[in-house]
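Chemist: Chain by chain, the residues run as shown.
2 protein chains.
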Amino acid sequence: MARLLHPMTPVSFERVRIDDAFWSPRQRVNRERTIPQIYRQLQQTGRVAALGGVWSEELRQRGTRGDIVHLFFDSDVAKWLEAASYSLALHPDPALEALVDDLIARLAAAQQPDGYLNSWFTAVEPEKRWINLRDWHELYDAGHLIEAGVAHFEATGKRALLDVVTRYADYIDSVFGREPGKRRGYCGHPEIELALVRLYHVTGATRYLNLARYMIDERGQAPHYFDLEARARGDDPANFWARTHQYSQSHCPVRAQDEVVGHAVRATYLYSAMADLAAEDGDVTLLAACQKLFQHLTTKRMYVMGGIGSSMRNEGFTSDYDLPNESAYAETCAAIALIFWAQRMLRVDLDRRYADILELALYNAVLSGVSADGEHYFYANPLASDGDTHRPEWYPCPCCPPNLARLIASIGGYLYTQTETEVAVHLYVQSAATLQVGGQVVTLRQATQYPWQGTVTLTVNVADPTTFDLSLRLPGWCAAPRVTCNGEPVDLEPSTIAGYARLSRTWNDGDVIALEMPMPVERVFAHPEIRADLGAVALRRGPIVYAFEQVDQSAPLHRLALPADAALAARFEPDVLGGLTMVEAAGLALSSIDWDDTLYRSTSPPAVVPCRIRAVPYFAWDNREPGPMRVWIRELGAPARGPQS
Amino acid sequence: MARLLHPMTPVSFERVRIDDAFWSPRQRVNRERTIPQIYRQLQQTGRVAALGGVWSEELRQRGTRGDIVHLFFDSDVAKWLEAASYSLALHPDPALEALVDDLIARLAAAQQPDGYLNSWFTAVEPEKRWINLRDWHELYDAGHLIEAGVAHFEATGKRALLDVVTRYADYIDSVFGREPGKRRGYCGHPEIELALVRLYHVTGATRYLNLARYMIDERGQAPHYFDLEARARGDDPANFWARTHQYSQSHCPVRAQDEVVGHAVRATYLYSAMADLAAEDGDVTLLAACQKLFQHLTTKRMYVMGGIGSSMRNEGFTSDYDLPNESAYAETCAAIALIFWAQRMLRVDLDRRYADILELALYNAVLSGVSADGEHYFYANPLASDGDTHRPEWYPCPCCPPNLARLIASIGGYLYTQTETEVAVHLYVQSAATLQVGGQVVTLRQATQYPWQGTVTLTVNVADPTTFDLSLRLPGWCAAPRVTCNGEPVDLEPSTIAGYARLSRTWNDGDVIALEMPMPVERVFAHPEIRADLGAVALRRGPIVYAFEQVDQSAPLHRLALPADAALAARFEPDVLGGLTMVEAAGLALSSIDWDDTLYRSTSPPAVVPCRIRAVPYFAWDNREPGPMRVWIRELGAPARGPQS
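Residue numbers (the working numbering), protein chains in the order written: chain H, 1 to 645; chain A, 1 to 645.
None of these hints come from the bench; they were simulated from the model. All figures in this text were calculated on a predicted structure; none of them were measured in a lab. Hints should not be assumed to be uniformly reliable.
Which copy is meant is left open, so a pair is good if it fits within one copy or across any two.
As the list claims (entries may be wrong) - Each computed SDA-like pair below joins lysine to any residue, with the alpha-carbon atoms no more than 25 Å apart:
1. 300 with 388
2. 300 with 607
3. 292 with 601
4. 158 with 114
5. 300 with 591
6. 292 with 594
7. 300 with 603
8. 158 with 116
9. 300 with 594
10. 292 with 597
11. 182 with 230
With these hints in hand, go ahead and build the complete structure from the sequences.
Modeler: Below you can see the structure in the form of structure tokens.
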């Protein structure tokens, strides 16, 4: 628990210059296609015009019918502002900056004298301010505005939006809390808690940290605030449409929670803030709750590609091992929030299990959320499709597109965390990072073709010899990593703690660490309680989980099977979607040629014919010819193996 | 086609005295439990009180809200009257007869001066008579009333209900047809067509046959009657809620139909009437359509246990090979109607494929529709359940319970069909049948423990030696049947036509035919286009399809697998649900013991542990401890077999 008192700090994306064959093109698409496309959608749907509450009668009609602008659309704009700010930080763009400034001006102009700032509850239903925290996302909106203000300030140095959200946060602080006269409320959709911690970090004002702590601690206390406010509105709490406060993780105090339940994005935003508070306060009880929840999530309720929240019904969790493939919800935002949470866990508990999940979600469940052209999005990410699942351009509730945009724009911020004496490397991306450690400016250069190849060369540049620990993540997916330092093998056994090889030395300019991670294609098997995957196998190579798309097969997808002993070959295909590694195997296809007009027969099962089968990275599916897809493929001829063998 | 001109006639159930270890207890439960229970439900739901249109204000409220009495509830009463009549024929019961007479009196009293008779459209919406044949089941109701009238007359000799429905049929004949001034309509839900053929049979009046023929021939003609009547009501036919006239098999003329589509009960009632007409008229074009439709149904769209209509959405057919297990609709009424159709096909095309399907549906998809206690019913018959599927006592639309009751009460009528010179035996049930053939009274006695044992001894009793063909069905499920006549082996090769062994001889009193049908437990494999069944196997023994219920297993059901080479043993269990044959095998259960907190792993698939697995007849499931069930079980270790091997 020593780390808990000295939590690590992420190295900001602004200090990490990415020049990577995998990520640089994706960041360019994000900058040149996604961010402009989202802005156009915000504009076309009336969000820009209505921002801050400039609400025409036409928009009022459309908005209240719910067909274009939803109740909490401020958050869509705020997430776009955050994404655009990150983009501006690394790629100045006066036109984009003008759009950002315009939105900020609209927000500033709309802020109420008391500091309140919410488009819907200013223009459409001003009489309903704060009366339904359970359902109406009012503080969630505030959270995203605060995150945008922090991001904008950090990225551009401009205070305009930060000042607005600071005033708003101060107003919120005056409304909510345990003090007499305040409302003891908190939001049905966690978000503002982690935003307030960010605001505290950038302003140093402890009242924001205190407010976040209050909201975390108050959550789930009895009498239940959401029930009290329901009665105050004249509603019977028993009629709550979601039926249970598990939906918003307010069914009990957060420290008593040990199973991930309810709406998956709410859950992971909450857990992110809990991890933040654990770090800030050195709160071991909060850390323990986070650890239990992370363990439960990743050992009972997570898809193989890092998607979480299996059900559309509650956009969230159901029961252990209930992970259907075709109907998988696995919302893109939930996978993004899982990354937020995992990064925060790494701050206080440097263990590769968090980074492994962060990486898994990032390269699979998150990246699948956006098309190769950067302008189409998955909200839900199924693991199997009959062929009618495609990324649309937009959603009535478009939470995922700007969430993707802000993450991809700031991906450099997930590579490293550090203290004064240690740098931990979590992700392998070709890049140059400049940071302060051991009292010196240190540049860390990674050269790699990750995730397609497992070789990483890390060069240290320092003006003067500098002493610090360099902790390299040895991914959990890698059975036999090898590390050399200036060509000398490093004995990983004694130097590895919780999956990180800690190289403690005084570094000289030009020192080179080489990390070799063999990347065979591997079969992945699911726990036998996951009914959807019984008898089937998935393929994984390094951090990449694969999928089978009809376009790559010569027989109908559902008839394919993979022999248990078939060799699996990886091949980089430079011409497929900008270059990616595909997997090939000698598969089998069930044949119907001797079935004639037979529907059932007792003579023999369907015969099989040899058939090359190919798999693409899951994130890349639905970017070529539309058709069926599945992650899990039937395994044929698996030997029966006893548990002792 | 010679048979077509001399169609066979079913031997009435009244002439077949069943004394069978399998069927007699089921008929007793039907008589003592099911028929009384349905009557109570008809009474409690207000149907008895409202019959004929005696409609209290309270009932009007309840009825028009649709929560108790549906639009076409006359058919529920009519099917009960039919079932009760059959029961009275074999088991006189003054109390039951009084209930029957009371209902008939209510109907007679309610018949309108013009002959019209419909509770709803007399009492609730009299102004809407005949304006929506597409949706409102008015002629369907009439059909069931007619069937009840015929059945009541045949069973009891009383004319009261027959006279009522004859007047009603005459009125319908005056309303519908191609003559000037008549409506060129027909019912959206076929039923009256086959009822009119029955009415023709019992009255000899050809106008009923003509009316049935008109309705069959008019169906699907352009301009489409349902579109015309929709416009006449002021509706746009394009807004038809079912979207397509395939729903009611009126998308094209019946002779042009070659794929089973739409609502499964509508389809099979229609096809039954088409087969009737083919028989009456010697109509080879109708017969050809029926043959094509039967072939399509049974080779592309039927469940392994004889259930049909896979989707709840349209209560019917979807696309070829779309046969999901958990969501299987497989309505009990549809399986019953398949029996009606198959029997009619046997009349004109003596081929065992019809009797095989009749038997399959009867012993599996139909019998599953009623609980062992006779008072709970499945409407849908899924082939897999997570454990939350149970038979309720009643349904808002309770079409299945009385349909089951009338079938089980009259099951003796499905054993034989005959001409003047031939008797065909379709089902094996211990019984004594007395019939006229070859100018003589002949008694055929079957002694058998079918379906649990495959031995049938058939004794012929005649006063004088009598010449006729005795055609024994050799079931398609039986690979090697053996027949002896008075102890002498019969060479089946030359004597078997279309699956019937035709024994042509002059029969002496006491002649004994013995039929031996070896009944091994067999694995059944599904066509590789049935995605739901890939890699899985079902078990069948004789006509009985098996299911695996959790109550019989020592490991969670979904984890079980059946090795491809496991021996399958049948054992009669006298104490299970009155006695039934279970199947046992040395199975395997996937083990989670070496998974700890692992959700996915690449080292090896789940280990397996030996595990006895047991299966019960599908029809018997959900009669003991509630729990998961599945018909298809994963096969483990199936050898890969090329199509040429």
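Chemist: Next, verify each hint and record whether it holds.
Modeler: Consistency of the hints with the structure:
When the C-alpha separation of residue 300 and residue 388 is checked against a cutoff of 25 Å, the pair qualifies only between copies, where the shortest distance is 23 Å, while the shortest distance within a copy is 29 Å. Taking the closest pair of Cα atoms, residue 300 and residue 607 come within 25 Å of each other only across two copies (19 Å); inside a single copy the shortest separation is 36 Å, beyond that limit. Only between protomers do residue 292 and residue 601 lie at most 25 Å apart by alpha-carbon distance; the minimum there is 21 Å, versus 50 Å within a single protomer. For the identical chains of this complex, residue 158 and residue 114 are intra-copy neighbours only, at 23 Å inside a copy versus 88 Å across copies, given an alpha-carbon limit of 25 Å.
Taking identical chains as interchangeable, the C-alpha atoms of residue 300 and residue 591 lie at most 25 Å apart only when they sit on different chains, with a minimum of 16 Å there against 36 Å within one chain. Taking the closest pair of Cα atoms, residue 292 and residue 594 come within 25 Å of each other only across two copies (21 Å); inside a single copy the shortest separation is 54 Å, beyond that limit. Taking the closest pair of Cα atoms, residue 300 and residue 603 come within 25 Å of each other only across two copies (18 Å); inside a single copy the shortest separation is 40 Å, beyond that limit. Taking the closest pair of Cα atoms, residue 158 and residue 116 come within 25 Å of each other only inside a single copy of the chain (21 Å); across copies the shortest separation is 84 Å, beyond that limit.
Within a single copy, residue 300 and residue 594 get their C-alpha atoms only as close as 42 Å, which misses the 25 Å cut-off; across copies the closest is 15 Å, which meets it. Taking CA atoms no more than 25 Å apart as the test, residue 292 paired with residue 597 passes between copies only; the shortest distance there is 12 Å, against 55 Å inside one copy. For the homomeric pair residue 182 and residue 230, the shortest alpha-carbon distance inside one copy (17 Å) is at most 25 Å, but the shortest distance between copies (62 Å) is not.
Going through the hint list in order, the structure satisfies each hint without exception.
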